[in-house]
Amino acid sequence: MIRRVTVENLGLMRGDRLLFRGLSFAIEAGQAISLVGRNGAGKTSLLRAIAGFIRPLEGAIHFHGQVGVIEAEDARSRGLHMAGHQDGLKPSRLAEAEFRFQARWTGASEAGIARAREALDLDVLFDLEVRKLSAGQRRRLSLGRLLASPRPLWLLDEPLAPLDADHRRTFGALMAEHVAGGGMILAAVHDPLPIATDTLDLGGLDLGEPDLSDDVERTPGDWP
Amino acid sequence: MNGFGVLLKRELAMAWNRGGGPAVALAFNASAVTLLPLASGGALDKLKLLAPGFSWVALALASLLSLERLFERDYEDGALDLLALGPAPLELVAVAKCLAQWICTGIPLAIFAPLAATALGADMALAPLTFLCALIGGLGFAFVGGVGAAVSLGARAGGVLIAVVVLPLFTPLAIFGGGAIAGLAMGLDWKAGLLFLSAYSLFFVALGPFAMAWACRNALS
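Chains A and B, in that order, are what the protein sequence lines are. Here the first sequence stands for residues 1 to 224, where the numbers follow the numbering used here. Here the second sequence stands for residues 1001 to 1221, where the numbers follow the numbering used here.
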């Protein structure tokens, strides 16, 4: 499965606006990267480009396995989770049905589902219609699939924003566990994640002049 | 195909409830069929001639009803992202959605179609063929409609746009389906119409998913 993702000389355009060009970086197994930058800098677009939704203006994104490059389509359909700010849950359906669908669709086993239920305390939500859940409860439900079906690369867009303090800690621990187990995380954030991450600052990119991760390990305390 | 089964189960559950599901489509169809004799002033002999064709038109319109939500909901709430990252390609996702649409509205409408036609005065002998045409035509309606629904993703007033995109593509279905039934009613050859109807439906079953997947990818980017 995916051991490394390389982004080479990437340029993205949305509409007729150039977001950035010449972006190169790599995520290695066991690495977490916080993607920061002002609103509109292209954080979400970068995540969507890696997930294959946006065709880059230039440059390339490669997924590497143990030996050699993995076919991008294969890597995306088996190797990555994308959790955007939309949860993809149907308001009129029961939380349990939606969670089970999201987990099974991404390839979860019953054991994985049980693990997610326990780790994120999902059972209390199961009998409710999704429309009756709060934003934080919906996020917990949709983050559940990340635990239920193990995929190495997590692309997260403001994953913690709606969660309460307890669940931020819980999910922080789960992210740390994922990274420690050789997983990769690329998360667009404004508030620091509760785990040690490298930083990729899109705001610091002068168009055409990439200014890549300074590779400083940041902890929540020393966030600028 | 495990992923496909998981998806189909979800799509069936959603199609069954979408916009009221089959009940609304059937009620719409029944209302349309009831309006015709009221509006035509009760000339029963004329009605008898029009019955097969009109019940076919009502069927086409009824199958348009819940199309708007076929892809639009998943697109709006972000579920389409998830569907695109699953084990099956978007082409199969489109197949699952259209199949579910056909099972949950097409088949109930097909069962109702001979009833509607007979109620309007069509010969009972036409009922089996009406059912068969509605069943096969319904498959065409679902897959043609799916293309319209996918192409109009993200457009304002998408529902109206779907009707405008899809109704012209329903024309061959109307001609061949209505033609087969009228042919049998007049003692002419009806097999050609049925075969053309099947061919047109299967053409869209085969190629429609590619168009739908392309349109979805385009909407996501």
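Honestly, the hints are just simulated from the structure, not real lab data. Hints are not guaranteed to be accurate.
If you want the footprint, here are the derived chain A segments under chain B, 3+ residues with CB under 8 Å [stated by the list, open to error]:
1. 7-15
2. 93-106
3. 118-127
With beta-carbon atoms standing in for the labels, derived distance ranges [stated by the list, open to error]:
4. T1034/B with E73/A: 47 to 57 Å
5. A1023/B with F126/A: 26 to 36 Å
6. D164/A with A1119/B: 51 to 61 Å
For every residue, glycine included, the Cβ atom is placed at its ideal position computed from N, Cα and C.
Structure-based check of each hint:
1. 7-15: violated (count 0)
2. 93-106: With 7 residues in contact (Cβ-Cβ under 8 Å with chain B), the coverage given for the region 93-106 of chain A holds.
3. 118-127: violated (count 0)
4. T1034/B with E73/A: 47 to 57 Å: With a Cβ separation near 51 Å, T1034/B and E73/A satisfy 47 to 57 Å, so the hint holds.
5. A1023/B with F126/A: 26 to 36 Å: Holds: the Cβ-Cβ distance is about 27 Å, inside 26 to 36 Å.
6. D164/A with A1119/B: 51 to 61 Å: holds, 59 Å
When held up to the earlier numbered hints, the structure conflicts with 1 and 3 and fits the remainder.
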